[in-house]
Amino acid sequence: MSTTKRPDNRGRRRFLTAAGGVTAVATIAPGVRLIQRVLAKEDDQAVSSAVRWGMLINTNKCATGCNDCVTACNSEHGLRDTGRPDTDPQWIRKVKLVDDQTGKETSLPMMCQHCEKPPCADVCPTGASFRRTDGVVLVDKHICIGCRYCMMACPYKARSFVHETLTDQRPWSPRGKGTVEACTFCVHRVDRGQQPACVEACAGADHGALVFGNLNDPKSEISKRAKAVSSRQIRADLDLNTGVRYEGV
Amino acid sequence: MSSKKIVFLTIEGKSLGFYFLLGVFALMVLAGLGASYYMEHHGHVVTGMNNQIVWGMPHVFAVFLIVAASGALNVASISSAFGKVAYKPLARLSALLAITLLVGGLVVLVLDLGRPDRLIVAMTRYNFKSIFAWNIYLYIGFIGVVAAYLWMMFEQRMNRFTSAVGTFAFVWRFILTTGTGSIFGFIVARQAYDAALLAPTFVIMSLSFGTAVFILMLHFIYSMTGRELGDLLVGRLRNLLSIFVAAVFYMTLIFHLTNLYGTQHHGVERFLLLEGGVFTQVFWIGQIGIGTLAPLALFWLPGINKSRGSILLGSLMVVIGGLSQIFVIIIGAQAYPLTLFPGKTVSSSFFDGAINTYSPSLPEWVLGISGFGIALLATLIAIRVLPFLPQRLADAQTES
Numbered sequence: 001m002s003t004t005k006r007p008d009n010r011g012r013r014r015f016l017t018a019a020g021g022v023t024a025v026a027t028i029a030p031g032v033r034l035i036q037r038v039l040a041k042e043d044d045q046a047v048s049s050a051v052r053w054g055m056l057i058n059t060n061k062c063a064t065g066c067n068d069c070v071t072a073c074n075s076e077h078g079l080r081d082t083g084r085p086d087t088d089p090q091w092i093r094k095v096k097l098v099d100d101q102t103g104k105e106t107s108l109p110m111m112c113q114h115c116e117k118p119p120c121a122d123v124c125p126t127g128a129s130f131r132r133t134d135g136v137v138l139v140d141k142h143i144c145i146g147c148r149y150c151m152m153a154c155p156y157k158a159r160s161f162v163h164e165t166l167t168d169q170r171p172w173s174p175r176g177k178g179t180v181e182a183c184t185f186c187v188h189r190v191d192r193g194q195q196p197a198c199v200e201a202c203a204g205a206d207h208g209a210l211v212f213g214n215l216n217d218p219k220s221e222i223s224k225r226a227k228a229v230s231s232r233q234i235r236a237d238l239d240l241n242t243g244v245r246y247e248g249v
Numbered sequence: 001m002s003s004k005k006i007v008f009l010t011i012e013g014k015s016l017g018f019y020f021l022l023g024v025f026a027l028m029v030l031a032g033l034g035a036s037y038y039m040e041h042h043g044h045v046v047t048g049m050n051n052q053i054v055w056g057m058p059h060v061f062a063v064f065l066i067v068a069a070s071g072a073l074n075v076a077s078i079s080s081a082f083g084k085v086a087y088k089p090l091a092r093l094s095a096l097l098a099i100t101l102l103v104g105g106l107v108v109l110v111l112d113l114g115r116p117d118r119l120i121v122a123m124t125r126y127n128f129k130s131i132f133a134w135n136i137y138l139y140i141g142f143i144g145v146v147a148a149y150l151w152m153m154f155e156q157r158m159n160r161f162t163s164a165v166g167t168f169a170f171v172w173r174f175i176l177t178t179g180t181g182s183i184f185g186f187i188v189a190r191q192a193y194d195a196a197l198l199a200p201t202f203v204i205m206s207l208s209f210g211t212a213v214f215i216l217m218l219h220f221i222y223s224m225t226g227r228e229l230g231d232l233l234v235g236r237l238r239n240l241l242s243i244f245v246a247a248v249f250y251m252t253l254i255f256h257l258t259n260l261y262g263t264q265h266h267g268v269e270r271f272l273l274l275e276g277g278v279f280t281q282v283f284w285i286g287q288i289g290i291g292t293l294a295p296l297a298l299f300w301l302p303g304i305n306k307s308r309g310s311i312l313l314g315s316l317m318v319v320i321g322g323l324s325q326i327f328v329i330i331i332g333a334q335a336y337p338l339t340l341f342p343g344k345t346v347s348s349s350f351f352d353g354a355i356n357t358y359s360p361s362l363p364e365w366v367l368g369i370s371g372f373g374i375a376l377l378a379t380l381i382a383i384r385v386l387p388f389l390p391q392r393l394a395d396a397q398t399e400s
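From first to last, the protein sequence lines are chains E and D.
Mapping of the first sequence onto the numbering used here: position 31 corresponds to residue 31, and the numbering continues sequentially without gaps.
Mapping of the second sequence onto the numbering used here: position 285 corresponds to residue 285, and the numbering continues sequentially without gaps.
Quick caveat, the hints were computed from the structure, so don't treat them as lab data.
Bear in mind that the values here come from a model prediction, so they are computed numbers and not experimental data.
Treat the hints with care, since some could be wrong.
[Said to hold, decoys possible] EDC-like, lysine to aspartate or glutamate: derived pairs with alpha carbons at most 20 Å apart:
id: 1; chain 1: D; residue 1: Lys129; chain 2: E; residue 2: Asp140
id: 2; chain 1: D; residue 1: Lys129; chain 2: E; residue 2: Asp168
id: 3; chain 1: E; residue 1: Lys177; chain 2: D; residue 2: Glu40
id: 4; chain 1: E; residue 1: Lys61; chain 2: E; residue 2: Glu105
id: 5; chain 1: E; residue 1: Lys117; chain 2: D; residue 2: Asp194
id: 6; chain 1: D; residue 1: Lys129; chain 2: E; residue 2: Asp122
id: 7; chain 1: E; residue 1: Lys177; chain 2: D; residue 2: Asp117
id: 8; chain 1: E; residue 1: Lys227; chain 2: E; residue 2: Asp217
id: 9; chain 1: D; residue 1: Lys344; chain 2: E; residue 2: Asp237
id: 10; chain 1: D; residue 1: Lys344; chain 2: E; residue 2: Asp99
id: 11; chain 1: D; residue 1: Lys344; chain 2: E; residue 2: Glu105
[Claimed, not checked] Just some of the chain D residues that point at chain E, by a computed CB distance under 10 Å:
id: 12; residue: His44
id: 13; residue: Val45
id: 14; residue: Leu109
id: 15; residue: Asp112
id: 16; residue: Thr124
id: 17; residue: Phe184
id: 18; residue: Ile187
id: 19; residue: Ser307
id: 20; residue: Gln334
id: 21; residue: Leu338
id: 22; residue: Phe350
id: 23; residue: Ile355
From the three backbone atoms N, C-alpha and C, an ideal C-beta is built for every residue, glycine too.
Please work from the sequences and hints to get the whole structure.
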């Protein structure tokens with residue numbers, strides 16, 4: 001049997017492997033980058049309906065008396081206590097529930113529920129109240145005329161009207177006297193790939209009652225948990241498909 | 001039908017009384033503008049409105065005026081759309097009041113906005129799913145349609161179109177008040193709203209309030225200018241008004257009876273009808289007592305129902321009852337908390353589960369009442385400048 005010496009292909013193999021690797025990286029990288037971009041959006045990039053931001057709130061973990069989410073929100077957005085609770089805006093509040101029959105007490109945070117079909121946006125005459133394609137319900141402060149019809153229409157009492165002159169507004173959280181405002185899901189943070197201030201504060205206090213994420217991504221923590229446990233929408237009878245869901249109530 | 005020719009004349013407008021009224025109404029308007037400036041400068045913190053009661057006294061007056069405006073056109077509609085010639089001499093005043101009352105209401109509504117300076121935004125950007133946006137078109141269109149209707153009546157060569165344009169205006173006013181009622185009827189979130197019945201209720205309310213305002217205005221203009229106003233005509237208007245008052249009562253009755261049947265509305269009904277403090281009092285004393293039962297007695301009881309005093313007092317009571325009704329509808333509904341968790345007692349720093357209180361501040365009253373000032377001032381100037389009113393409305397002129 002003649003032995004023919006096979007040409008040494010190792011160099012070529014190395015080249016092909018490397019080239020294949022480079023090609024693979026070049027092929028997949030934009031996808032990976034796209035995923036990163038979806039989660040942390042460039043300022044000039046439009047939001048995508050591939051994402052539906054949502055929050056799952058485990059009321060069993062939400063501690064009675066703990067106000068950390070509220071404090072974090074107020075600090076993040078510059079909401080101040082003027083001593084006039086009737087008119088002070090509140091974007092998130094702790095609500096205490098006592099069951100009339102059983103007496104069971106529950107504590108939970110209540111804020112804009114970021115409905116898929118928001119009644120506030122339906123009734124807004126100028127379109128200032130709107131829903132971003134990624135599910136975040138916002139108010140365009142430049143075209144809000146301050147009619148407050150959205151506050152009449154919101155089933156969750158989630159909106160506040162700015163009753164007096166503001167000072168020291170946060171640059172990332174535009175607010176103004178005579179306009180209506182509410183929880184923004186901290187879009188300024190979420191667009192940078194961060195968590196909303198309330199979620200971060202709740203985790204920081206070791207409660208972990210708030211899970212925020214992309215409801216459209218089956219691999220996200222929120223989707224997995226929402227699939228595994230029983231949760232509900234508040235006023236589900238209105239069929240608004242809220243972005244905020246509650247466990248344990 | 002009377003063959004007597006109707007002569008329309010402007011009011012003389014040189015008397016002390018004319019200038020006195022002109023001054024009073026102008027002062028009301030100025031006070032309203034001042035109140036609005038004060039509210040906008042300091043923010044709504046100087047009002048009694050807050051994050052619980054977001055619509056307050058200015059809205060009560062504004063909605064009353066807007067509802068009464070479309071109802072004030074009723075007299076003209078009966079003449080043009082339904083061909084009742086007895087009302088023809090009154091059609092011009094009826095159309096005029098429709099415009100002036102609407103303008104008064106709209107100005108109050110705009111001046112109460114958080115950002116009235118952005119009126120141009122409201123006029124240029126529309127969300128057509130919003131009944132509010134539709135109403136902007138309906139209100140402005142109404143002014144245009146009624147102005148055209150007036151032109152048909154004033155301009156002799158256009159008279160032949162009066163009936164057609166009048167009928168169109170009648171249809172428009174019907175849609176307009178349906179839209180106003182739907183502002184509340186479309187609110188699914190609140191226990192006291194979310195009812196299709198609110199739209200037709202508002203239509204009937206408009207007929208009642210508008211006719212009452214019309215009777216009062218007609219009487220006072222004629223008595224102050226020394227013109228003759230026959231009892232026959234006023235008696236007809238009284239009969240009409242009494243039917244409208246009874247119809248509003250019927251709609252109110254059905255609304256509450258329907259709510260009382262279903263358990264989920266028991267809370268809000270108990271609040272409005274029994275335990276709501278000022279809202280319960282305004283409902284029973286203002287809307288039912290002063291606004292319904294007393295006027296019906298004045299209009300229907302033999303012996304007193306013929307007297308001009310009874311008719312005027314009854315009409316005034318309908319106006320007070322109307323303001324009361326709108327107060328209960330707008331503010332009472334907000335005072336009752338939203339039900340987010342049925343079967344649970346809720347509490348929070350944001351007044352969840354709490355009955356909300358409302359004490360209107362002086363600027364709100366002044367702004368609200370200035371809406372009447374605007375309507376009265378505009379009416380007074382209009383009847384001075386153009387011949388809206390027949391020289392005489394004696395019985396012989398208005399028999400049909």
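With chain E as the partner, please determine if Phe184 of chain D meets the hint condition of a C-beta pair closer than 10 Å. Cβ of Phe184 of chain D sits 8 Å from chain E, so the hint holds.
Mind checking the CB of Thr124 of chain D against every CB in chain E and telling me if the closest is under 10 Å? The hint holds - Thr124 of chain D has a Cβ within 10 Å of chain E, the shortest such distance being about 9 Å.
Interface hint for His44 of chain D, Cβ within 10 Å of any Cβ on chain E: For His44 of chain D, the interface hint holds, since the closest Cβ of chain E sits about 5 Å away, which is under 10 Å.
Taking only the CA atoms, is the gap from Lys177 of chain E to Glu40 of chain D under or equal to 20 Å? Cα-Cα ~9 Å, so holds.
Would you mind confirming whether the straight-line C-alpha gap from Lys129 of chain D to Asp122 of chain E stays at or under 20 Å? 6 Å, holds
Per-residue hint verdict: Gln334 of chain D, partner chain E, C-beta under 10 Å: Holds - the Cβ of Gln334 of chain D comes within 10 Å of chain E, reaching about 7 Å at its closest.
Between Lys117 of chain E and Asp194 of chain D, is the straight-line Cα distance small enough, at 20 Å or below? Holds - the C-alpha atoms of Asp194 of chain D and Lys117 of chain E are around 17 Å apart, at most 20 Å.
Agreement of Lys61 of chain E and Glu105 of chain E with the hint, judged by alpha carbon distance not exceeding 20 Å: 13 Å, holds
Between Lys344 of chain D and Asp237 of chain E, does the CA-CA distance stay at or below 20 Å? 17 Å, holds
Against chain E, with CB atoms and a cut of 10 Å, does the hint on Phe350 of chain D hold up? It holds, given that the least Cβ distance between Phe350 of chain D and chain E is near 4 Å, below 10 Å.
Please verify whether Lys129 of chain D and Asp140 of chain E have alpha carbons no more than 20 Å apart. 17 Å, holds
Taken at face value, is the distance from the CA of Asp99 of chain E to the CA of Lys344 of chain D at most 20 Å? 4 Å, holds
In the structure shown, a violation is registered for the earlier hints numbered 2, 19, 23, in ascending order.
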